[in-house]
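Protein chains: 2
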Amino acid sequence: MTVYANSSEGTVHWERFLAERTKHMQSSAIRELLKVTQLPDVISFAGGMPAPELFPVREIEEACGYLLREEPMTALQYSTTEGYRPLREFLAESMAKYGIQHSPDNILITTGSQQALDLIGKMFIDPGAPVITERPTYLGAIQAWRAYQARFLTALLDDSGMIVDELPTMLNKETPRFIYVLPNFHNPAGTTLTEERRHRLVELARQHDLIIVEDDPYGALRFDGEDIIPIAALAPERTIYLGTFSKTLAPGLRIGWIVAPAEIIHRLVQAKQGADLHSSTFDQMIANDIAQRGILKVHVRKIRAVYNERRNVMLDALEEFWPEGSSWTRPAGGLFLWARVPKAINTFDFMRTALAKKVAYVPGNNFYPENDGGFDAMRLNFSNAKPEKIVEGIRRLGEALKEELIQL
Amino acid sequence: MTVYANSSEGTVHWERFLAERTKHMQSSAIRELLKVTQLPDVISFAGGMPAPELFPVREIEEACGYLLREEPMTALQYSTTEGYRPLREFLAESMAKYGIQHSPDNILITTGSQQALDLIGKMFIDPGAPVITERPTYLGAIQAWRAYQARFLTALLDDSGMIVDELPTMLNKETPRFIYVLPNFHNPAGTTLTEERRHRLVELARQHDLIIVEDDPYGALRFDGEDIIPIAALAPERTIYLGTFSKTLAPGLRIGWIVAPAEIIHRLVQAKQGADLHSSTFDQMIANDIAQRGILKVHVRKIRAVYNERRNVMLDALEEFWPEGSSWTRPAGGLFLWARVPKAINTFDFMRTALAKKVAYVPGNNFYPENDGGFDAMRLNFSNAKPEKIVEGIRRLGEALKEELIQL
Numbered sequence: 001m002t003v004y005a006n007s008s009e010g011t012v013h014w015e016r017f018l019a020e021r022t023k024h025m026q027s028s029a030i031r032e033l034l035k036v037t038q039l040p041d042v043i044s045f046a047g048g049m050p051a052p053e054l055f056p057v058r059e060i061e062e063a064c065g066y067l068l069r070e071e072p073m074t075a076l077q078y079s080t081t082e083g084y085r086p087l088r089e090f091l092a093e094s095m096a097k098y099g100i101q102h103s104p105d106n107i108l109i110t111t112g113s114q115q116a117l118d119l120i121g122k123m124f125i126d127p128g129a130p131v132i133t134e135r136p137t138y139l140g141a142i143q144a145w146r147a148y149q150a151r152f153l154t155a156l157l158d159d160s161g162m163i164v165d166e167l168p169t170m171l172n173k174e175t176p177r178f179i180y181v182l183p184n185f186h187n188p189a190g191t192t193l194t195e196e197r198r199h200r201l202v203e204l205a206r207q208h209d210l211i212i213v214e215d216d217p218y219g220a221l222r223f224d225g226e227d228i229i230p231i232a233a234l235a236p237e238r239t240i241y242l243g244t245f246s247k248t249l250a251p252g253l254r255i256g257w258i259v260a261p262a263e264i265i266h267r268l269v270q271a272k273q274g275a276d277l278h279s280s281t282f283d284q285m286i287a288n289d290i291a292q293r294g295i296l297k298v299h300v301r302k303i304r305a306v307y308n309e310r311r312n313v314m315l316d317a318l319e320e321f322w323p324e325g326s327s328w329t330r331p332a333g334g335l336f337l338w339a340r341v342p343k344a345i346n347t348f349d350f351m352r353t354a355l356a357k358k359v360a361y362v363p364g365n366n367f368y369p370e371n372d373g374g375f376d377a378m379r380l381n382f383s384n385a386k387p388e389k390i391v392e393g394i395r396r397l398g399e400a401l402k403e404e405l406i407q408l
Numbered sequence: 001m002t003v004y005a006n007s008s009e010g011t012v013h014w015e016r017f018l019a020e021r022t023k024h025m026q027s028s029a030i031r032e033l034l035k036v037t038q039l040p041d042v043i044s045f046a047g048g049m050p051a052p053e054l055f056p057v058r059e060i061e062e063a064c065g066y067l068l069r070e071e072p073m074t075a076l077q078y079s080t081t082e083g084y085r086p087l088r089e090f091l092a093e094s095m096a097k098y099g100i101q102h103s104p105d106n107i108l109i110t111t112g113s114q115q116a117l118d119l120i121g122k123m124f125i126d127p128g129a130p131v132i133t134e135r136p137t138y139l140g141a142i143q144a145w146r147a148y149q150a151r152f153l154t155a156l157l158d159d160s161g162m163i164v165d166e167l168p169t170m171l172n173k174e175t176p177r178f179i180y181v182l183p184n185f186h187n188p189a190g191t192t193l194t195e196e197r198r199h200r201l202v203e204l205a206r207q208h209d210l211i212i213v214e215d216d217p218y219g220a221l222r223f224d225g226e227d228i229i230p231i232a233a234l235a236p237e238r239t240i241y242l243g244t245f246s247k248t249l250a251p252g253l254r255i256g257w258i259v260a261p262a263e264i265i266h267r268l269v270q271a272k273q274g275a276d277l278h279s280s281t282f283d284q285m286i287a288n289d290i291a292q293r294g295i296l297k298v299h300v301r302k303i304r305a306v307y308n309e310r311r312n313v314m315l316d317a318l319e320e321f322w323p324e325g326s327s328w329t330r331p332a333g334g335l336f337l338w339a340r341v342p343k344a345i346n347t348f349d350f351m352r353t354a355l356a357k358k359v360a361y362v363p364g365n366n367f368y369p370e371n372d373g374g375f376d377a378m379r380l381n382f383s384n385a386k387p388e389k390i391v392e393g394i395r396r397l398g399e400a401l402k403e404e405l406i407q408l
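Those sequence lines, one after another, are chains A and B.
In terms of the working numbering, the first sequence opens at residue 1 and continues consecutively.
In terms of the working numbering, the second sequence opens at residue 1 and continues consecutively.
Extracted from the complex, chain A is given alone in its bound form (with noise of 0.2 Å):
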């Protein structure tokens, strides 16, 4: 039991008034580790950090100029649950276009979709309850859930997402809260659920009476081929789906949405209400000034064609510097790949040489919620270091692990 004191007069044996979920708690290494790549002379593949130097910083000055002159009184006070109602018109509209039929009331703004993964862990998840997921999958979604003492079944994934077909033996035995998926330039992955599997999946969903959670933080940012339907479209009547503007205009100001049929939405407003209120009304707003003048669309355009090219960059110079028996997915879109290494290599381990050599990644077994896998495996963010740095990095994490195995 830790004893903490800095007070002369007082210990206090604060670990017996933990609940048992804090227990289940850990830091996420994506947050560490980002402590160490904020050092300028490391070139950091780990977050998933969009290029600041693209921000539409004057286009966003000019958003805050307007809201501060013209609705001050609203931009700076309290707000609604639900959220900034033209901002979630805007949504509703927006995302007509990809076939999701839902309207404003459907939609709720969240702090990042970090919290909506929160706030459906804190509506479905009981201690020991089961949920599905990928395997791999996005460790954010793990953190969250595991503070609510999730029990966590995986179903593989390839180079076609989710393999669904391993859904019907799990669905006889156990029925989970929700099906997660991340079925656009998958976290950690890099992969695309197949049309034809999205449709199997939700065909199992209908068939077992299930709800599937579809996040897609990435779907606007594909570089090559045709959009997917979303499964938000397919089953409308039992999707949750999670977008955010975290990938496509600004993290820092943390909004993200969930859509969702109409109760759901009613009770996830009742649990953000306990969790924050509301959203920063002053962010939303400039969220929705920048989506309703058009100027998302003409950046989301830009980053698209910066990230393909950044992406394009990664992929020739993995093939350039890394050593027989590594292999690496090719996204279409999105922020990440994923790398595997020569099996004798443990990336966990190995993290340490990297680091050395001033070069960051996130070690695969992050994203297994069991820490069971993904040790010859690595995430690699390629949106956030320039071309060059790229080129850099690559190079050195490929010297790096043709050293390691010589050694071994």
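Think of the hints as simulated: they come from the structure by calculation, not from any bench.
Be aware that a few hints might be false.
No copy is singled out in the list; a pair is fine if it fits within one copy or between any two copies.
To be verified - Straight-line C-alpha distance at most 20 Å; calculated EDC-like pairs for lysine to aspartate or glutamate:
| id | residue 1 | residue 2 |
| --- | --- | --- |
| 1 | Lys357 | Glu320 |
| 2 | Lys23 | Asp126 |
| 3 | Lys23 | Glu263 |
| 4 | Lys386 | Glu71 |
Since the structure of chain A is already known, use the hints to place chain B on it.
What follows is chain B alone, placed relative to chain A:
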């Protein structure tokens, strides 16, 4: 069981997936009321809203301009969960003036004070675990902790704040996860905990080795008398102190903070990582800029003078217009007073009459965790409406009360 359908192809029996805790959540009366009170002709004493005409709009616009010119890549990017370091440094210095001696490492920035309450609940409350609050207490705390299925034990308030002498009997039978207290200008009661009682509370907490949660959103808004030493200054080893910019700067920015022993902060950081990664970087930097340039200090002096006047106007109007048998607290600061009506009237039922007269308040029962009291009381906010509106609203309420009494 609710059956939801908005697709021709499926219905979901989603309630069977709800977590046990979700069944304990309720919508906040205040949030639901806000919707009504946004109608322009309603005089609202319901919310806890600052006077919007006093927001330092020009200064915030300058801060936005400055930040987006000088540090756009930081202001719009992801940041650490702990919060923007210069802001935490400012807060550490500024709290030292009140006797709270903690380093910036003991501070976690939260998405408003409401998130602090949620994170504390997440960290400490198992289903059925006891927590001690005042009676009445802040409804946002009730809402946050009900979601974690807390069992509420309550200690009565009088004009000197929590009746600390009620605690020993409770503490002989139960070990609460923490004792929650609003020492300054209590929400909803408007009362202030005397220095003597603060010492007594700390003594009891030390004797039983307990944690105190000190919620202090209004401490800077004192109109009469001298500041009283914070509990966190008396017992830094066992106090979790909550502060916020919502009342001193602007609630729309959603920036609050927690000060606590380092080990507790460490756990709360883990909980916050899963909850929303971090609070808006941009809003944190705006608050920091306003604070560091000394604008906050000047601004607080200004709103203090205005709220002081409004409190006086409300007290005078109550004296003039309310029926015999009514009584109210005389807060030395803050945003609220607590008014009792003649016993024959139920303030929850009377709300409909009041809204018909276009005046809103929060019925007292909302501040009782078990909804078992406060039916002869209401919370009245005096910060939001202008003096002439305050007089008019209190007059309308007084007349309605008198009419009601005649009919009974």
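Verification of the supplied hints:
1. Lys357 / Glu320: within (18 Å within a copy, 76 Å between copies)
2. Lys23 / Asp126: both (15 Å within a copy, 12 Å between copies)
3. Lys23 / Glu263: Between copies only: 14 Å across, 32 Å inside.
4. Lys386 / Glu71: between (38 Å within a copy, 19 Å between copies)
The earlier numbered hints are all upheld by this structure, with none contradicted.
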